[in-house]
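The chain contents come next:
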Amino acid sequence: MRKALAVLALGLSLALAQGKITVWTHFGGPELEWLKKQAQAFERTSGTKVEVVEVPFGDIKQKFILGAPQGQAADLVVSIPHDWLGEMAQAGVLEPMGKYVTQGYLADLQDVAIDAFTFGGKLFGLPAFAESVALIYNKKYVKEAPKTWEEFLALARQHTTGSTFGFLYNIGDPYFNFGFFKAFGAENVFPKDAKGNLDPSRLLLSGEAAERALTFIRDLRFRYNLVPEGVDYGVADGAFKDGALAMIINGPWALGDYKKAKIDFGIAPFPTPPGARAPWGPFLGVQGVVVNAYSKNKTAAVNFAKTLITGKNLVSFNQAGGRIPVSKSAAKTLEKDPVVAGFSRVFALGTPMPNIPEMGKVWGPWANAINLAIQRPDSNIKKIVEDMVAEIRKGIGR
Amino acid sequence: MRRLFYLLLGGLVLYGAYWFAAHRLFDEGSYRKQVAFGSVFVPYGWAYALGFLLGLVLLLLLYSLLHTAVANRLQGRRRSPWPLFLQGLTHLFLWVLILLVYYPVVQVVAASFDPTNNLFSFRRPETGFLLLDAKVIPYLPRPSLENYAALVQGVVLYPYQVGLLLLAGLALVGVALIGLLRRLLPEEDWMDLWQGRLLLLLTLAVFALALLLSPRQFTGQGTEAKFLLWVRNTFLISGLTGLLAVLLTATAGYAFARFRHLPGRYPMLLFFIFVQMFPGFLALVAIYYLLSRLDLLNTFTGLVLAYSGGIISFGTWVYKGYLESISPSLEEAAMVDGATKWQVFTKILLPLSAPMFVFIFLLQFVGTYSEFVLANLVLTGVESWNVGVGLRSFTTGQFQTKWGIFAAASVLGSLPILFLFYGFQQYFVSGYTAGAVKE
Amino acid sequence: MRHPPGLKGFLLALALLLGLVLLAAGVGLLGFFTLEAYVALPGWTILVLALLVLVPGAVAVGRLFPWLSDWYYFLPALAFLLVFTLYPIGLTVYLAFTDYSGARNGFPDRSTETRVVGQEGARLRLEEPVKEALRCDPCVGEPVEVYAEGHRMRARILEAEGETLLLDRTPPFAAGFVAKVNAFRFVGLKNFAFILSQASQALLPVFAWNVVFAGSTVLLNALLGLVLGLVLNNRALKLRNFYRTVLIVSWALPGVITVQVWVALLNYNFGAINRLLGVLGVYPIPWLNDPDWAKVAILLVNLWLGFPYMMTATLGALSTIPDELYEAAKVDGATPWQALWGITLPLLEKPMVPILLSSFAFNFNNFYIIYLLTGGGPAQEGRLATAQATDILISWAYKTAFSAEGQSAYGLGAAISLLIFAITVAISLVNFRATGALREVR
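Residue numbers (this note's numbering), protein chains in the order written: chain V, 1 to 398; chain B, 399 to 837; chain Y, 838 to 1279.
To be clear, the hints were calculated from the coordinates, so they are not data collected in a lab. Please read all numbers here as calculations on a predicted model, not as lab measurements. Yeah, the Cβ is synthetic: ideal placement off N, Cα and C, and Gly gets one too. Wrong hints could be hidden among the right ones.
To be verified - Here are some of the chain Y residues that sit facing chain B, going by a computed Cβ distance under 8 Å:
| id | residue |
| --- | --- |
| 1 | PHE917 |
| 2 | PRO925 |
| 3 | ALA1101 |
| 4 | ASN1111 |
| 5 | VAL1119 |
| 6 | TRP1130 |
| 7 | THR1149 |
| 8 | ILE1231 |
| 9 | ALA1234 |
| 10 | SER1254 |
| 11 | THR1261 |
| 12 | SER1265 |
Model the full assembly from the supplied sequences, consistent with the hints where possible.
Written out as structure tokens, the structure reads:
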């Protein structure tokens, strides 16, 4: 009898839940395969067709904000980094998730991840995996991770020869550089107010902290002669894959390629830069799944999101691409994994990226300032910082 | 007086260039005396190169002196050796230029056959030959088609599509053969006729193929395996845009050229000219809303319509200029015989205008072939991209640099346009110059 | 019936045509909305319906006013221009006077979504104090959206006190949530004022470089084109057709692709160009990393792209010079050098000037080469992040409105587009004046 009822219920739910949801994703390779498999499984159990559309990472935010109110965006995005959250929520395109998930469901997710996807006191997405940059070293050149700046510098210099590099990274990108700003005293981009919310009216990336951090970054190029001109992400990453680079600052997304290139690598925090006040600590980013507020099939979209973010599925996701899940149970299963373990230590030092919309006004001028500082050995750091602060202020004020 | 003014202006420009070079380009901050990692540095290499060139010039001089001397002796004439030497110098100059112009092309073609991504690798080849080791001449230790294979991986063709492809290939070979024959044999009527027919066949076969291919036939993993699908999409989009351009501009161009009696023709013409000066693609948001209202986002029709706005003015202008260069006497005679304007237009002018229509079509086709700003706005998802958006994704993908694949895709993606350009060179040259002179 | 003459006739014809198009559009829209109530239709039905009205309408009006039939030849082009060019332009002009942006897009801010716990007509009681929940102060006049499953309604706040708020309209359904709307406003000339207030950081240097860029490009391309044209026009030169065909390759390849290839070739470390220079004993040049070198790189790449066109144009212009002139000069004992300065160059001026001017106008808005080669970069001291060393006006506008640095400031971007439009029109007017193109048409 029970069985018959269950079958009936299943049939009914299949008949009711007809329909289709569209998913935008920036995943590629094995991770895309993983998503497509999940989608097929969901189709079988719920009867809702799931269409997976590949959209480049850089296009997702703008397309979603423009398209969602017109009914032209996906029902679900897998996945967005949490620093877009405030901007997208404010534009009104994200569905608050509070009414769809229970405390029990959330209990399996790490607090820092939930915080990352909470804006204005509301949960706007389901966090899936965390990432940050760390010092990744090739064990062929570096037996043990350098603990101090002196060790690091000695190692980096030792391996900077005609045919190999000691240390390279994407030097022009603020995301890769935040660790240095933190070390020189900028704990975050914005300070927290009394209630614990970020206060965009004040900027920590200014004054002495920013000047010293920029000076240090400039020194990496012109004083220590480590990161030459023309080095961007592609160059540094390519050199590490080639086995021609001893140490790089990079994140978990790159590790799949390194494994494929048979590089034996280790993960460690960057040592404290000389004269810094605090230890180096990267931006902690969380990526998660969000649902379109204008979706015609919200329930199905939310259900699919929930099936993606479970301990079990996140473990299989980790096996597909090596990302580091924010589910507590998945983390426990993967405890022994050297990558997960290595990055967990780095995460502990990190600062979550701000998720308020004002952050969008910071990236451009910030990147501009870093690129200016490293352009010439005699760049006027004081003026660069002043200009950056003025432009950010003006942007936020508008 | 005028000459003095030009001289002064030229001097000023030259001095400005010199100042810029000395103080901005070669100052210590910009030009650092530091050898790039992994590159080969030959001190005073330029001196060797210059010496080599000078040697060539001397050889030329020697040759022209000897040749003229011998010829003069044999034929008993007195000719100066200098014209020959000058001619030789001209050839040398042109060949150096060709070398420079083709250098990027050669590098990319080489990179497309190199699965190891050598151009973008730190490993230095050790062959003992300086130019190879410096990778100035592309180093291809094991050339392979791997990059191309990645582009066509998982593409399933049905037998009749293979047939179409073969047909197109045969037509292409035929066109090329006739083109070769034209160079070798005296011009004959059948050549023109058959070249035209074969070109038509080729075009039809290619467009039929584009229409008959479906996204489901591209089963390969990875974004790059969709490359041929992008080419197919582009053929549809750009082909339709070209056709639409011809349709929309023909009647308007005719009216502008022939209805001189219409009051307000001039302000209308001004409107056509000035409206195209608005930087069209900056109206992206408006176009987005319009297409979204019409439910045409993410469709090729929508993109074609979005492109159509930008083509009308120029096409009309060019076609008007063309018609004005044709004497209206034939039409007037037909009118006297009682033909209507429409009959005159369709029966007399349209057949005459084929070359101009080909030009307008080609201009549109080539212009939208690798466009990516509007296309990226309108089209969402890898399967509906055009070549422009797809190639852009290879170079800007969040954290990826697939140069080998990019090179292969560039080569393949350029071929259709290269073929069109050389196949229809005379249309381009005449149309462009006609349009530009009139603009 | 004859065409009514003069301005009156023109206006009448225009009114009839526009009336037709507008009627068709109106019927299309109305018909669509009526039909939509019964069946789900795709939006392009509007176009189909409009066409169904336009064609018979045109025939009918043509019967009434036979003289109008001449104007029908303009109709297809005109209709398309109206819908797909003029309408977007109009909307852009409108946006230029608003503060429309990604964050002010006219849709509700879901982070202010607050549950409605009590409702009495237009008076709603919220779960939390209004000021905190909707993050507004004072809240009076703020637009909000009230919604529940399946319903939504826009309203304005009339009063807000504690947890209650009074709307100017009564929701016709049981309100579930309230959220503040990110309304965009008409701001008058504020966008233009903003551009001018930052003129020294963006507008002026960008405009200066834009002019220098377009001017030098034309100059360099024309010089090389001229030299090659003169060389290849020499009938005595062997293989000249071969050279002609071979040298236009960079024109025949799609520019969007080749410019991206150049980015790879100009890479500081790996680029083939720097490798070549290394062998020649020149230290690596920061082609794309130094504000000044990037300008040089752009000019060189544009030379590579553009000289074949100039070469072809020169050859075309040279072919119009009759041979008799040279023969006469030869008889008079002129040297080739004198013939060049006395005959060729002066006679080239007339056909070449319009080509040079139109090339200047084209390069003035040559977005693709800038955007693809350097992206406007590299950074330059004292500039905005959206207006860097090699940005020209159009790439600045694009980055302001559509890229990450600009944060979707669509209104500001639209204002810059208007400036570009004005400048382009001005250049073209000079162009027309110089060439007399319009006089000839008239």
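Going through the hints against the structure:
Given the 8 Å rule on beta carbons, the hint for PHE917 of chain Y holds: about 5 Å separates it from the nearest Cβ of chain B. Hint status for PRO925 of chain Y: holds, given a least beta-carbon distance of 4 Å to chain B, under 8 Å. A distance limit of 8 Å between C-beta atoms decides the matter here; for ALA1101 of chain Y the minimum to chain B is near 6 Å, and the interface restraint holds. The interface hint given for ASN1111 of chain Y is met, as the beta carbon of that residue sits about 6 Å from the closest beta carbon of chain B, less than 8 Å.
With a cut of 8 Å, the hint placing VAL1119 of chain Y at the interface with chain B holds, because the nearest CB-to-CB distance is about 7 Å. Given hint, TRP1130 of chain Y at the interface with chain B, holds; its Cβ is 6 Å from that chain's nearest Cβ, closer than 8 Å. Hint status for THR1149 of chain Y: holds, given a least beta-carbon distance of 5 Å to chain B, under 8 Å. The interface hint given for ILE1231 of chain Y is met, as the beta carbon of that residue sits about 6 Å from the closest beta carbon of chain B, less than 8 Å.
Annotation: interface hint on ALA1234 of chain Y holds; nearest CB of chain B at approximately 6 Å, less than 8 Å. Hint status for SER1254 of chain Y relative to chain B: holds, with the closest Cβ pair at about 4 Å, below 8 Å. A distance limit of 8 Å between C-beta atoms decides the matter here; for THR1261 of chain Y the minimum to chain B is near 5 Å, and the interface restraint holds. Given the 8 Å rule on beta carbons, the hint for SER1265 of chain Y holds: about 6 Å separates it from the nearest Cβ of chain B.
In summary, the structure agrees with every hint in the numbered list given earlier.
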